[in-house]
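Asks: Here are the chains, one letter per residue:
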Amino acid sequence: MGKTIAEKIFSSHSGRDVQAGDIVICELDFAMAQDGTAPLAIKAFDKMGKKEVFDGEKLAFFIDHNAPSPNKEVSSLHSLMRDFAKKQGIRLYDAGEGVCHQLVVEQGWVAAGDLVVGADSHTCTYGALNLFSTGVGSTDLAAVMASGKLWFRVPQSIKVSFEGELSTGVYAKDIALYLAGKIGARGAVYESIEFGGEVVQNLSVEARFTICNMAVEMGAKVGLIQGDEKTKKWLSEHSKKNFRFVEPDKDAQYKKVLEYEVSRLVPQVARPHTVDNVVSVEEVEGISIQQAFLGTCTNGRLEDLKIAASILKNRSIHPEVRFIVAPASRRIYLEAIKEGILKTLIEAGAVLVTPGCGCCVGTHNGVPSKGENVISTANRNFKGRMGNPDAFIYLASPATVAASAVEGKIADPRRYL
Amino acid sequence: MSQDKKVLQGKAHKFGHDINTDYIISGRYKFKTLDNEELARHLLEDLNPHFYEHLSPGDFIVAGENFGCGSSREQAPLAIKYARIGAVLAKSFARIFYRNALNVGLPIIQTDTENIEQGNELVVDLAKGKVFITKKNLSLAIKPFPSFVLDIIEAGGLTEYFKKYGGWKKNSV
Chain A
1 MGKTIAEKIF SSHSGRDVQA GDIVICELDF AMAQDGTAPL AIKAFDKMGK KEVFDGEKLA
61 FFIDHNAPSP NKEVSSLHSL MRDFAKKQGI RLYDAGEGVC HQLVVEQGWV AAGDLVVGAD
121 SHTCTYGALN LFSTGVGSTD LAAVMASGKL WFRVPQSIKV SFEGELSTGV YAKDIALYLA
181 GKIGARGAVY ESIEFGGEVV QNLSVEARFT ICNMAVEMGA KVGLIQGDEK TKKWLSEHSK
241 KNFRFVEPDK DAQYKKVLEY EVSRLVPQVA RPHTVDNVVS VEEVEGISIQ QAFLGTCTNG
301 RLEDLKIAAS ILKNRSIHPE VRFIVAPASR RIYLEAIKEG ILKTLIEAGA VLVTPGCGCC
361 VGTHNGVPSK GENVISTANR NFKGRMGNPD AFIYLASPAT VAASAVEGKI ADPRRYL
Chain B
1 MSQDKKVLQG KAHKFGHDIN TDYIISGRYK FKTLDNEELA RHLLEDLNPH FYEHLSPGDF
61 IVAGENFGCG SSREQAPLAI KYARIGAVLA KSFARIFYRN ALNVGLPIIQ TDTENIEQGN
121 ELVVDLAKGK VFITKKNLSL AIKPFPSFVL DIIEAGGLTE YFKKYGGWKK NSV
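Protein chains in written order, with the numbering used here: chain A, 1 to 417; chain B, 1 to 173.
Just so you know, the hints here were simulated from the structure itself, not pulled from any lab data.
Be a bit skeptical, because a hint or two may be false.
Said to hold, decoys possible - With beta-carbon atoms standing in for the labels, derived distance ranges:
| id | chain 1 | residue 1 | chain 2 | residue 2 | range |
| --- | --- | --- | --- | --- | --- |
| 1 | A | K232 | B | K163 | 39 to 49 Å |
| 2 | A | R82 | B | S56 | 33 to 43 Å |
| 3 | B | N171 | A | E57 | 28 to 38 Å |
| 4 | B | E37 | A | S310 | 47 to 57 Å |
| 5 | A | S316 | B | F148 | 56 to 66 Å |
| 6 | B | F148 | A | G89 | 24 to 34 Å |
| 7 | A | T168 | B | G129 | 49 to 59 Å |
| 8 | A | V279 | B | N171 | 27 to 37 Å |
| 9 | A | D17 | B | D112 | 30 to 40 Å |
As the list claims (entries may be wrong) - Chain A is nowhere near these chain B residues, computed Cβ spacing over 10 Å in every case:
| id | residue |
| --- | --- |
| 10 | G70 |
| 11 | E114 |
| 12 | S139 |
| 13 | I142 |
Bear in mind the structure is a predicted one, so any value in this text is a computation, not a measurement.
Beta carbons: idealized from backbone N, C-alpha and C, even for Gly.
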């Protein structure tokens, strides 16, 4: 019987011929944790009675969720991470270097064919590079640090194809939101989604990260994309690792095959307080906003900043809107300075904050006030997500967020493009 | 879920579908501390501001599909465990939450929770694999765990499992 990408990667990493439903213990190629999960993982590692990690060179830590530290309690957790990383020979990316998921791919830690876990749910992002990567909790990560291995249930797969050609003003984020709206927050629980079709083939690797990043919002273990020339180029520019593309067999077994013709898709918006509460931008146009946020592991990449800048060139942010921008990494930050993108954004009225996760995850750098509406390029809009349970979060593409920041209300970006 | 706790008893606190980990324990608290007792006081606070105060030890959280979706924070099952919840009963669990709950020794029970109402007294018999709704004289079947997972449950979590076996148990899969 033919195999899916997931079945092939789990077969190669468990040394057995496996299929969906099997339980396996696999060797991992890389694992990571961030400052919300690493401290507990370190604690669990110590409690397991372990002294040394299996291989410090296959691990990385990131201080991004609460960085730079806003208070002394967080500072002491950061110190715990730094001390452990130093002792164990683990590369630690400190405050300001960027969002973990951007750094993992940008700094070349992973490559096609790999099996990877991260103590962060959006680890599913790297599947865009044709590897299996999924989120775990802290104790699982401790077990990986101790043994280099973890148990998995080989997931069933869903094949999702996007066909046609995206219209102007419609982006990867809009497709991801559209799918979340279609299949819902539990549309792919425990499953692997293989994304494909003409539209995905035509997307840049950056945009593919956006789609795979949102896979977990539908409950999926990972979002996977087949490798092609773009993937090859991207990997050779960013990683020194050897890689081999993994293709699904023609007769692979899928739980579901979904195909969407998206040529006529319009910009999408997820309304509060769930990611699958999705409508077209026309249905929410005119709702006033007090904060707009551009950044995160979903949409904080150079391409995203560029799109926003193209809309904000020679325009100003609405006087009653705070427009917060967090480039996803230092490299992106520098590139955006070089290309004049940040100048455009700042001239328009943007507030630049440290590359990191704070605003999205509600720790600092832009907590909304009671009753306020926020439009954000992030991946979650749960009640309280940005630090205030009395605020309302709308999710959209960088273009929709930029257009809305100009108008002070949710706006259709197509008018600006 | 050690042997002496095979029968659990308590009151049901009912929630809906897709209860995410941000609701279970907000990011406002989870990044600040490793003190689980402190986290427990904020359990499900954004959905029900005084939830913790209304709990008695051994009470159950009862939910629909996809309980624990969202982030990978292990503080979510820890906050539930330290609030002295006896078990979480749900139609289904989000995958990272499922693993995290097993790993920290929080009992989770997959069963059809449809007929359980807010405030119902429940008896959960793990040996028999049944949940009894006392008032309704109704019993629900518990979906059994794969045998691999039972070793982690028996040990009381993955940390204890690693201590017991020194790593992954040989020939367990």
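Asks: Each hint needs a verdict: does it hold in this structure or not?
Replies: The hints, checked one at a time:
1. The hint said 39 to 49 Å for the Cβ distance between A/K232 and B/K163, and at roughly 44 Å that hint holds.
2. For A/R82 and B/S56, the hinted distance range of 33 to 43 Å is satisfied, since their beta carbons lie about 42 Å from each other.
3. In this structure the hint that B/N171 and A/E57 lie 28 to 38 Å apart at CB holds, the actual value being about 29 Å.
4. The hint said 47 to 57 Å for the Cβ distance between B/E37 and A/S310, and at roughly 51 Å that hint holds.
5. Range check, A/S316 to B/F148: about 59 Å between beta-carbon atoms, so the 56 to 66 Å window is met.
6. Checked against the hint of 24 to 34 Å, the C-beta distance between B/F148 and A/G89 comes to roughly 31 Å, which is consistent with it.
7. At about 57 Å, the CB distance of A/T168 to B/G129 agrees with the hint of 49 to 59 Å.
8. Checking the proposed 27 to 37 Å range against A/V279 and B/N171 shows it is violated: the Cβ atoms sit about 52 Å from each other.
9. Between A/D17 and B/D112 the C-beta distance comes to about 35 Å, which sits within the given range of 30 to 40 Å.
10. The beta carbon of B/G70 is not kept farther than 10 Å from every beta carbon of chain A, the shortest such distance being approximately 7 Å.
11. For B/E114, the requirement that its beta carbon stay farther than 10 Å from each beta carbon of chain A is met, with the minimum near 16 Å.
12. Residue placement check: B/S139 keeps its beta carbon more than 10 Å from all beta carbons of chain A (closest about 26 Å).
13. The non-interface label for B/I142 is consistent with chain A: the shortest C-beta to C-beta separation is roughly 18 Å, beyond 10 Å.
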